[in-house]
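K.L.:
Spelled out from the first residue to the last, the chains are:
Protein chains: 4
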Amino acid sequence: MLKLSTPLILVNLKTYSQSLGEKAVHLAKIAEKVAEDTGVCIALAPQMSDLHRVAKSVDIPVFAQHVDHVKPGRGTGAVLVEAVVEAGAIGTLLNHSEHQLRLVDLEASLLRAKEVGLKTVICSNNMAVSGAAAALGPDFIAVEPPELIGTGIPVSQTQPEVVTATVETIQKINPQVVPLCGAGISKGADVAAALKLGTHGVLLASGVVKASKPEMVLRDMAEHAK
Amino acid sequence: MLKLSTPLILVNLKTYSQSLGEKAVHLAKIAEKVAEDTGVCIALAPQMSDLHRVAKSVDIPVFAQHVDHVKPGRGTGAVLVEAVVEAGAIGTLLNHSEHQLRLVDLEASLLRAKEVGLKTVICSNNMAVSGAAAALGPDFIAVEPPELIGTGIPVSQTQPEVVTATVETIQKINPQVVPLCGAGISKGADVAAALKLGTHGVLLASGVVKASKPEMVLRDMAEHAK
Amino acid sequence: MLKLSTPLILVNLKTYSQSLGEKAVHLAKIAEKVAEDTGVCIALAPQMSDLHRVAKSVDIPVFAQHVDHVKPGRGTGAVLVEAVVEAGAIGTLLNHSEHQLRLVDLEASLLRAKEVGLKTVICSNNMAVSGAAAALGPDFIAVEPPELIGTGIPVSQTQPEVVTATVETIQKINPQVVPLCGAGISKGADVAAALKLGTHGVLLASGVVKASKPEMVLRDMAEHAK
Amino acid sequence: MLKLSTPLILVNLKTYSQSLGEKAVHLAKIAEKVAEDTGVCIALAPQMSDLHRVAKSVDIPVFAQHVDHVKPGRGTGAVLVEAVVEAGAIGTLLNHSEHQLRLVDLEASLLRAKEVGLKTVICSNNMAVSGAAAALGPDFIAVEPPELIGTGIPVSQTQPEVVTATVETIQKINPQVVPLCGAGISKGADVAAALKLGTHGVLLASGVVKASKPEMVLRDMAEHAK
Chain A
198 MLKLSTPLIL VNLKTYSQSL GEKAVHLAKI AEKVAEDTGV CIALAPQMSD LHRVAKSVDI
258 PVFAQHVDHV KPGRGTGAVL VEAVVEAGAI GTLLNHSEHQ LRLVDLEASL LRAKEVGLKT
318 VICSNNMAVS GAAAALGPDF IAVEPPELIG TGIPVSQTQP EVVTATVETI QKINPQVVPL
378 CGAGISKGAD VAAALKLGTH GVLLASGVVK ASKPEMVLRD MAEHAK
Chain B
198 MLKLSTPLIL VNLKTYSQSL GEKAVHLAKI AEKVAEDTGV CIALAPQMSD LHRVAKSVDI
258 PVFAQHVDHV KPGRGTGAVL VEAVVEAGAI GTLLNHSEHQ LRLVDLEASL LRAKEVGLKT
318 VICSNNMAVS GAAAALGPDF IAVEPPELIG TGIPVSQTQP EVVTATVETI QKINPQVVPL
378 CGAGISKGAD VAAALKLGTH GVLLASGVVK ASKPEMVLRD MAEHAK
Chain C
198 MLKLSTPLIL VNLKTYSQSL GEKAVHLAKI AEKVAEDTGV CIALAPQMSD LHRVAKSVDI
258 PVFAQHVDHV KPGRGTGAVL VEAVVEAGAI GTLLNHSEHQ LRLVDLEASL LRAKEVGLKT
318 VICSNNMAVS GAAAALGPDF IAVEPPELIG TGIPVSQTQP EVVTATVETI QKINPQVVPL
378 CGAGISKGAD VAAALKLGTH GVLLASGVVK ASKPEMVLRD MAEHAK
Chain D
198 MLKLSTPLIL VNLKTYSQSL GEKAVHLAKI AEKVAEDTGV CIALAPQMSD LHRVAKSVDI
258 PVFAQHVDHV KPGRGTGAVL VEAVVEAGAI GTLLNHSEHQ LRLVDLEASL LRAKEVGLKT
318 VICSNNMAVS GAAAALGPDF IAVEPPELIG TGIPVSQTQP EVVTATVETI QKINPQVVPL
378 CGAGISKGAD VAAALKLGTH GVLLASGVVK ASKPEMVLRD MAEHAK
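Chains as they are written, first to last, in this note's numbering: chain A, 198 to 423; chain B, 198 to 423; chain C, 198 to 423; chain D, 198 to 423.
The following block holds chain A by itself, in its conformation from the complex (with noise of 0.2 Å):
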C-alpha cells in the first residue's frame, strides 16, 4: 500500500451525493492514480457504509469519518474501531465540526483508535482547542475555523494567524503531534501556503468532491505540496 507520509492531502467525502457508493469508489482511483504520479500522499475518508468498497478498490489510505469508544457487543448504531479496521481503513478522523465531541469521550475514542492501530486526526477550531487536542497525544490534528468550512475562503491564506497559532501551539504541548488545516481549501495555491505556514498537509472535501474535474485539483494541490 502507498504508506501514510507527509505531507498529506487528506480528502473528507462527508455525505456529498457527489462521493456516494460507486462515486466513492471512482473518487479514490483518481486520487491513488494522482498519489502514484506525484509520490504525494492522498488519503480519503469515505462514509462508513462506503468504507469497505474503497479500502478494497484502491492502495491508498483510507480513513473513517467518525469512530465511538463501544466496546464490541452492545452499541446499536455506533461505529466500533474494530470494524473500521477490518473495513481496511488505516484511520479516522474525530471530532469534525460537524461530529463534535464530549471531552470524556474524544479522549476514549483516541484511545480506542490507537488500541486496534488507528492514526488518528483530531479536529478542532481553534488555537486553543488545538493545545488541547494535542495534549490528547493524537498522531495528527487538523486545524479548521468553523466558518470558513465550505465556502473555498482557504484558511491558509485569509487566516493564516490561526493555522501559525496552532502550529505553535501543539510545537509547545506536544510536538509528536503533525499540525494540518483545512477550511475553504480548494487549489494547489491553498496547500502550499498551508505548508508555508508550518502545517504538513490539508484537510479538505467540498473543494475536490464538488469539483468539475477533482483530478485537476487533486493534480494542483499534489504538484504544490512536492
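Rather than coming from a laboratory, the hints here were simulated on the basis of the structure. Heads up, none of these hints are tricks.
Identical chains blur together in the list; that is why a pair holds if it fits in one copy or across any two.
Capping the alpha-carbon separation at 25 Å, the derived lysine-lysine pairs in DSS-like fashion look like this:
1) K253 / K226
2) K226 / K410
3) K268 / K407
4) K311 / K220
5) K268 / K220
6) K410 / K268
7) K220 / K253
8) K407 / K253
9) K369 / K393
10) K311 / K369
11) K316 / K268
12) K253 / K311
Computed from a prediction, not measured in an experiment: that's the story for all the values here.
Model the placement of chains B, C and D on the given structure of chain A, informed by the hints.
P.N.:
This is chains B, C and D only, laid out in the frame that chain A set:
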C-alpha cells in the same frame, strides 16, 4: 428478494465481534436459508461498514441500525439515508436504547427515511414512549424494556403486560403501525409468546448473534412464528 | 395565589439581559398587576437563578424553563424537580426548541414533574411532534415553528394552518391536553388570532421581554385574551 | 468577603435533598463558620435555584455547578454566566462527570466565564483529560476518577498515582493551573493526603452533604488542610 413481511424476526447485529465483517455475511446466509426453508421473514441489521457486503450477498431484507436526518452534503460521520439505500438496505432502526434520539431529530429522521422509501422501526422503552412513537407514524414500533436487553430474560414471557399495553396503545393512537417486541428473546417459545400478545414479530440480537448454533436458534424461532 | 387558568399568557424570560435578576422581579410585578386588573392568567418562566426571587415576590404562576429527570442526589448541574417546587414554581417548560430533549428523557422528565405536582408545557416544532407530545400526556403543548421564534412574525397570523393542525392532532390523540402556540407573538391581535384557531393561550418571550413598554404589551394581550 | 484562596475545600451540593433550598443556606453558614474559625477557604457550589439565596447569606465563595456559553438572549433553560454573577457566585464548575461537555463547548464556556470574571474549575476523569483541560487554561482542575465518586473510598489514599500523574501533567502543560482532586473524600486525613500529593485542595460532595455532622467533618478537613 424475499419481501419484508410479518411475522418478522429482525436480528440486530449491533457491534458484536461475532457478527462483524465476513461473519455478518455468514450469519446473513444462515438467516436467508432459514427464511427460505420456513417462509418466515428474517431481516438483519448489520453495522454500517457491513451493510453493503451483507445486502449484496443475500436476498433477505437488510436494515441499518440508525440513520441521521442530514441532507446530502455536510454531515461528517453521519448516516445519510441515501447512502443506506445505495448500500442495499430497505429499512432502518431508529431510537434504539443504545442510540437514543431527541424527539425532533427522531421525527426528522423518520421523514428523511420515508423520503427515500426506507421502512422504519422505532425502538421504545415503555408504553408511553411507544404511544409517542406511534403518533409519528413509523412502519413498526419495537418495545424493549432496557433492563432486559441482552439478558436472555424474555420480555414476552416475563413482562407480558408491557407488551400488551404497548400493543393496545399503538392500536389506539395509530393502528397502521405494526407492534414488535424485544429484549431477552432467545428461543422459539419467546417468539410464540410475543405473537400471542398481539405483536407481529420480534427484535433481537444476542439471542442469535451470540448463540453457539445461530441456525438452530433461528429455525426454532421461525417454526414458532409460523 | 392567582391560579393557573386559561386563556394563558406564558412569558418565557429566556436568558435575556432585560429579564435578569431584579429585572425579572420587576417584570413579574408588572405581569401580576396586569393579571389582577384584567383577570387573565399571566405566567412567567424566569431563569433558574431567578426562580426563587420571582416566585416569592409575586402571586402569579411561575414556571421553570426546563427540568431534568435526575433523582435527588448525584446530578451536578442538573435541574431537580424538587428544587423547582421548593423555589416556588408551579410548572415547567420542557423540550423548548432551545433545549431539546431525547424522547426517553422527555418522557422521564414529564413523569418526574408529575410526581412533584408540576404542571408541564411541552414545546413542539410542528404537528407531528405535537402528536407525539400529546401521547405523553402533558398539561399543555405549545407549538412553535422555530423559524418564527424571536422574529415578531406571529405564527397565529402567518402560519394558521400549523396551529390548526396541531390543535386537531392533539384533540384526536389526547383531548385532555391544552394547546398553546408561540413564535412571533408580540401584540394583542396575535393572541386573539391564536385563541380563534383553537388554542387556549400563547407562549412568548421577546415580544414582552424586549418591548420598550412591557406593561402596555401585556395589557394589550390580556385585553385581547378576554 | 472571605477571598478564594488555597488550600481550598470546595463542596459541591449537587442535587442532594440534604442540601436543597434553606438547607443549602444552613450548610453554607456552617461552612462560613468553620472557614472563619480555621482560616481555611471553604467554598460551596449549590444548585442554580439556591445560588442567590446562598450567596447573599454568607461571606464565603460560592460557585455554580455548571455554566453554558450562550450569550444573553435566546437560551431557554441554559445557565447564563451573567446570571451566575448577578446571583452572587464568583466561580463555576465545568465538565463535572455528571455534566460532561463537548470539547468545543467546554472551551467556549471557559471563555464566557472568564469574560465575566468567574473563576473556573474544570473537572476531569483521568490524567489525559486533565492535560487537555490544562491546555485550555482554567483556574483549577479537579481530577476525579468517576468510579470513586460518592463511594467514600478516597482517591488521595487509594489512587495516589492518578493524583500525582495529574499534578505533574498540569505542571508540565500549564503551571498556572491549580490542581485539586476529588472522589471519595470524606475526612481530614483524605484532605491531608491530597495536599501531600501536590494538589492545593479538594472537591467533594457526599462526604460533607450526607454527613450526620457536616460541621465536624468540615472542621476535621480544614484542620488537616492548615
